[in-house]
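Note that the protein sequences, when read in sequence, are chains A and B. Each residue of the first sequence is one higher than the last, beginning at 1 in my numbering. Each residue of the second sequence is one higher than the last, beginning at 1 in my numbering.
Hints listed in this document are in silico derivations from the structure and should not be mistaken for laboratory results. Each hint should be verified, as a subset may be incorrect.
Unchecked claim - Covered stretches of chain A, as calculated for chain B (at least 3 residues, CB under 8 Å): (1) 22–29; (2) 32–41; (3) 239–253; (4) 278–288.
Claimed, not checked - In silico contact screen, one side only, chain A against chain B (beta carbon under 8 Å); selected entries: (5) Q159; (6) Q176; (7) N178; (8) K210; (9) K221.
Unchecked claim - Restraint-style ranges between C-beta atoms, simulated for each label pair: (10) A:Q176 to B:A74: 54 to 60 Å; (11) A:S114 to B:A266: 52 to 58 Å; (12) A:G169 to B:G79: 41 to 47 Å; (13) A:P133 to B:Q66: 44 to 50 Å; (14) B:E191 to A:T264: 53 to 59 Å.
All C-beta atoms in this analysis are idealised placements derived from N, C-alpha and C, irrespective of residue type, glycine included.
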Amino acid sequence: MICGGLAVGTLLLIEEDKYGVYSNLLFKYFLAEGVVCGHDLFVASAKELPTNILKELPAPLLDDNYRNELGEATAVKSEDFQDFMKIAWRYQNLPKVEVSPTSSARFGHYYDVSKTMSSELLQSIKCHSFFLPEELSLQPTIKMCNMNCGYARLLQSIQKIIYQEGFDGSHPQKKQKNVLRIGIQSLGAMLWGDDICSTDNPEDTHSLTKFLYVLRGLLRKSLSACIITVPAHLIQNKAIMERVTNLSDVVVGLESFIGSERETNPLYKDYHGLIHVHQIPRLNSLICDVSDTKDLAFRLKRKLFTIERLHLPPDLSDTVSRSSKQDLAESAKLLSSGCGAMAIGKKHLDF
Amino acid sequence: MFAELNELLNASPQRPEQGKFTLLRDTRTDGSFLVHHFLSFYLRAGCKVCFVALLQSFSHYNIVAQKLGVSLTAAKERGQLVFLEGLASCLDMLFGEEEEEQAGQPRPLRFISESTSDLRALFDFVRTSLAPAAGDAWPGRVLLLDDLGVLLSLGASPVAVLDFIHYCRVAVCSRLQGNVVVLAHGGEDSEDEENELVVTSLCHHSDLILWAEGLATGFCKDVHGQLKIIRRASLQPGGERDVLQTYQYKIQDKNVTFFARGLSAAVL
């Protein structure tokens, strides 16, 4: 979906869906993939204990095929850490989104969301955690760039791990190079001490963007990749979200249908929500590999989370009443030009 | 640099213009390909370039520049390119050793950590980088900035940003007869008022504006966007009207092709 995966050194920002249900799921997928690939993890949250988050990671679906690839995937490929290595995460069951593969090796693993990852697998990798309430009580407040204290403390913590564990190339004699996967939950929410989610005239409009800038620097200088979920729907000051988008590499918005009028819309009856890809990076290149389709929807089945190209359900019935046809036409208006051939406007064509 | 863009701008590396302020804008799309163009253009033209790169790492620009036939590493080594990597400079400032601070190392991004929001330190950096030096082999002077929105995101006030640009214009365009090229994001339906203020103000003072826009009809595989070229003839003595030209473009791996609207190769 994001054309090849999340490159090392970059930041993926997820705009949370209204209740955070699906963004949390993607967050856990990212971490689970890290466990299966043998990467180190750094989990930060202000509301949930990282150890609890880690206990709820989905279990990987491992059979003989996957076990062979597991061996391949854990070997680190880059000599020079300036090269970008791709860590892909794709959750599709069926190949409904066409993405041209960059190599014949299979990327990513599949997970069963109905089961949790075993603790033995979890213990095979190193997990660093950051739980804001604990961190704030431990040390005195620090001053960094007039930034919100929680963010400053988090940056310090990340930088310390990157340096001590050698993800930035220091201590080259220490051990084989590995990748650090950083996951930060609900950044910008009130629990982080930021008021951008509660008022459209926040006291400090720059803390979050300063944080993202410094984080970007840390990511670019180390073998790490980061995923951040942000409750964008709560941030009232839209200028901040624009700046946040500019400072991130990949930005994806999740829109779930829970509690919205789209839940009962026949157009979306097979899906649980939409995915909006707001930004993909152009890294080390003039071009970016944009996928053909812009309309993506997701659904959570019993075991799997899938992302599919959005298509209209077939209109098979002759006796469909005029009003529901009109709804479909209305909904078709909402689709972007990826399905440009659809009729738009209130009138529908009779054949 | 993109040969077709040079033709459209009537520019050539053999005879670069002097004393010009060029504003690069983008709306609903990524205009950074224009930054790559001007970087390689002015290096080919033999100018000394001060590149304030706030958003991406050095290796990103270097890899793209190599595709365009210019090596940034070589340019840096021979003193033609002064490169400020904003991300690295910020990290050094925040997590660097105490001794470095006292040694009087320049801290161009000092405004992030201090309560003064003026960009004086950044301006001093630009001024000293482009100052004429004895035995200098580079006749022209160019300041390139990517991108302006980052300064606002890091806490600089719009007035401070405009002051900084003004000082740079005086120092580079007027005194040194050099050129300034600045990239700013933002569009008509942006909610970022501070950014709009800065961009609108700069539009009034630019000699040339290159405005890359995403197509209003949405994404297209063969036409990546539209480029408006606005020559501010109204600023020249004679008071003629501004000249506006519109082209569409497609970005490829090592080049960008430009064509008249509706005449993309895919259509013809």
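Going down the list of hints, with the structure as the test:
1. 22–29: violated (count 0)
2. 32–41: violated (count 0)
3. 239–253: Contact hint for the segment 239–253 of chain A vs chain B: holds, 5 residues under 8 Å.
4. 278–288: holds (count 7)
5. Q159: At 5 Å from the nearest chain B Cβ, Q159 of chain A passes the 8 Å test, so the hint holds.
6. Q176: violated, 23 Å
7. N178: Violated - the Cβ of N178 of chain A stays beyond 8 Å from chain B, reaching only about 21 Å at its closest.
8. K210: Result: holds, 6 Å to nearest chain B Cβ.
9. K221: Where the cut-off is 8 Å and the nearest Cβ of chain B is about 7 Å from K221 of chain A, the hint holds.
10. A:Q176 to B:A74: 54 to 60 Å: violated, 33 Å
11. A:S114 to B:A266: 52 to 58 Å: violated, 46 Å
12. A:G169 to B:G79: 41 to 47 Å: Violated - the Cβ-Cβ distance for G169 of chain A and G79 of chain B, about 27 Å, lies outside 41 to 47 Å.
13. A:P133 to B:Q66: 44 to 50 Å: Given a distance of about 48 Å, which is inside 44 to 50 Å, the answer is holds.
14. B:E191 to A:T264: 53 to 59 Å: violated, 31 Å
In this structure, the earlier hints numbered 1, 2, 6, 7, 10, 11, 12, 14 are contradicted, and the remaining ones agree with it.
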